[in-house]
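The listed protein sequences correspond, in order, to chains A and B. If you use this note's numbering, the first sequence corresponds to residues 1 to 267, in order. If you use this note's numbering, the second sequence corresponds to residues 1 to 252, in order.
Since the hints were derived computationally from the structure, they do not count as laboratory data. Yeah, the Cβ is synthetic: ideal placement off N, Cα and C, and Gly gets one too. Watch out, some of these pointers could steer you wrong.
Stated by the list, open to error - Short derived list, chain A residues pointing at chain B, Cβ under 7 Å:
{"id": "1", "residue": "Thr-85"}
{"id": "2", "residue": "Gly-87"}
{"id": "3", "residue": "Leu-127"}
{"id": "4", "residue": "Ala-128"}
{"id": "5", "residue": "Trp-143"}
{"id": "6", "residue": "Gln-146"}
{"id": "7", "residue": "Met-150"}
{"id": "8", "residue": "Ser-154"}
{"id": "9", "residue": "Asp-156"}
{"id": "10", "residue": "Gln-159"}
{"id": "11", "residue": "His-164"}
{"id": "12", "residue": "Arg-204"}
{"id": "13", "residue": "Leu-206"}
{"id": "14", "residue": "Arg-208"}
What the hints assert, rightly or not - Partial pick of chain A residues on the chain B-facing surface, computed with a CB cut under 8 Å:
{"id": "15", "residue": "Leu-149"}
{"id": "16", "residue": "Pro-210"}
{"id": "17", "residue": "Met-213"}
{"id": "18", "residue": "Gln-230"}
{"id": "19", "residue": "Ala-234"}
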Amino acid sequence: MLDDFLMRALLAGLAVAIATGPLGCFVVWRRMAYFGDATAHAAILGVALALGFQISIFIGTMVVALIMAMVVATLAGRGWAMDTTLGVLAHSALAFGLVAVSFLPNVRVDLTAYLFGDILAVSRVDLAVIALGSALVLGLILWRWQGLLMATLSEDLAQSAGIHPGRERMVLTLALAVVVAVALKIVGALLIAALLIIPAAAARNLARSPEMMAGFAMSIGAISVYGGLQLSLAQDTPSGPSIVVVAALIFLVTTLGAALVQNRSGR
Amino acid sequence: MSLISAQGVAVSYTGRRALFDIDFSIDRGEIVTIVGPNGSGKTSLLRVLLGVVAPETGRITRAKGLRIGYVPQRLHLDPGLPMPVSRFLSLPSRQSPQAMAEVLDRVGVPDVAGQNMATLSGGQFQRVLLARALLTRPDILMLDEPTAGLDQPGVAAFYRLIDEVRHEMNCAVLSVSHDLHVVMSASDRVICINGHICCEGAPQIVRDAPEYRALFGLGTGGALALYQHSHDHVHDDNCDHDHTKDHAHHAG
């Protein structure tokens with residue numbers, strides 16, 4: 001079954017959707033959308049370093065994404081203007097990464113695979129790493145769920161209950177770095193943030209509790225992966241963007257549906 | 001042994017001194033109210049006692065295993081986060097439906113369990129915040145301007161409720177307020193601060209203290225209830241009026 005490249009692609013995509021669903025909810029709740037972008041863009045620099053030093057791409061992207069996330073979190077804590085800081089760091093990291101790749105001797109890299117993902121090229125080893133990474137992220141979030149939720153609601157309230165908001169922030173930062181590393185192959189650095197935010201935003205329209213929202217976000221992510229792969233196959237479209245297109249369409253439908261329901265009950 | 005105490009605590013935010021020379025302690029079952037004008041460091045004092053901010057100097061001692069029921073002044077709910085009342089009450093630890101129903105009944109909002117937090121009125125929201133704090137079986141309730149945004153009868157009812165539950169639960173109450181004419185009667189001790197502790201003692205003693213009058217601009221002693229104390233008093237930031245904390249009104 002795993003010999004089929006389509007099956008491997010589908011499984012890898014589903015594994016990532018299971019992690020991005022709940023993590024994406026926290027990204028939405030804590031308004032970390034641009035933060036996710038910056039971390040993902042830094043992954044390209046990680047790719048360049050990994051190729052240059054001949055280490056695993058997963059390790060390279062994860063380490064650079066983690067460093068980026070921690071730098072951003074530290075600067076934010078010191079009262080820097082977030083949008084400017086993130087704008088500078090995110091695009092600088094992307095630009096440095098792209099320039100660094102061009103310096104690599106004897107390496108002809110297909111950059112589009114890293115920018116937009118190449119889900120159809122997922123190997124058995126890739127699949128194992130993606131599944132492991134996603135399971136790690138999901139486990140981390142489930143384990144810390146109450147604390148994460150409380151720290152998201154109010155850092156003061158969390159502190160009064162003996163929960164350290166800084167520690168919970170660190171959990172999310174770590175989870176984000178792992179997700180970036182495993183999702184790079186699926187949707188690419190430019191669209192990882194979309195995979196985090198769009199299913200969660202679509203789920204918001206349907207959910208009445210945080211847990212429901214995380215569950216819906218997982219399901220919508222999974223449907224997007226399946227639909228995107230089918231679209232890619234039928235119309236020969238690029239697979240990563242196709243997944244995001246399906247997610248965006250689901251977002252449109254749930255948003256219009258929610259508006260319709262609200263209008264009716266308002267009358 | 002006191003529940004929380006502070007010795008010689010100072011707090012600064014980005015170089016600006018918010019609090020200094022703070023000696024404070026609160027015992028089990030005590031009601032202490034901190035009063036002071038806007039920007040006087042009331043909330044900072046609460047936050048340093050909670051452990052949200054670290055003191056720049058001095059030390060904070062909390063009793064081992066102390067359970068704090070914190071009721072914040074405001075709680076901003078991100079519209080992206082759906083939060084039913086029943087889910088909110090289960091933070092930080094899961095609660096049974098019966099326990100939730102009981103506590104909601106106790107604080108006077110029995111029918112809101114299924115509602116979203118965002119749809120509650122100001123008064124209901126404040127009571128739900130209190131209900132969540134009570135579910136943690138606190139040794140001390142810490143309330144930061146809990147009645148901001150409530151009308152006069154609402155404020156009186158809320159403080160009556162606090163007084164009742166603290167007897168039932170035998171917990172201390174530390175609240176921060178500027179509407180002291182309601183708070184004062186129930187408090188064992190009032191601490192008047194403006195960066196430092198200006199004066200402290202029983203409510204009547206503080207009310208008559210010259211430091212308190214200077215701070216709140218009250219000219220007529222005893223006419224407290226008629227007075228909407230103003231916050232435009234003149235009290236220099238560098239606190240050049242030279243008084244010691246150990247004046248005659250210090251609570252024994």
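Here's how the hints hold up against the structure:
1. Thr-85: With a minimum Cβ separation of about 17 Å from chain B (threshold 7 Å), the hint on A:Thr-85 is violated.
2. Gly-87: Violated - the Cβ of A:Gly-87 stays beyond 7 Å from chain B, reaching only about 22 Å at its closest.
3. Leu-127: 32 Å, violated
4. Ala-128: This hint is violated: A:Ala-128 lies away from chain B, its Cβ roughly 34 Å from the closest one there, beyond 7 Å.
5. Trp-143: Result: violated, 14 Å to nearest chain B Cβ.
6. Gln-146: Holds, about 6 Å.
7. Met-150: 5 Å, holds
8. Ser-154: 6 Å, holds
9. Asp-156: Status holds, d = 5 Å.
10. Gln-159: Result: holds, 5 Å to nearest chain B Cβ.
11. His-164: 9 Å, violated
12. Arg-204: Status holds, d = 6 Å.
13. Leu-206: Result: violated, 9 Å to nearest chain B Cβ.
14. Arg-208: At about 5 Å, which falls below the 7 Å cut-off, the nearest Cβ of chain B leaves the hint on A:Arg-208 intact, so it holds.
15. Leu-149: Holds - the Cβ of A:Leu-149 comes within 8 Å of chain B, reaching about 6 Å at its closest.
16. Pro-210: 6 Å, holds
17. Met-213: 6 Å, holds
18. Gln-230: 29 Å, violated
19. Ala-234: Violated - the Cβ of A:Ala-234 stays beyond 8 Å from chain B, reaching only about 34 Å at its closest.
The structure does not agree with the numbered hints 1, 2, 3, 4, 5, 11, 13, 18, 19 stated previously, though it agrees with the rest.
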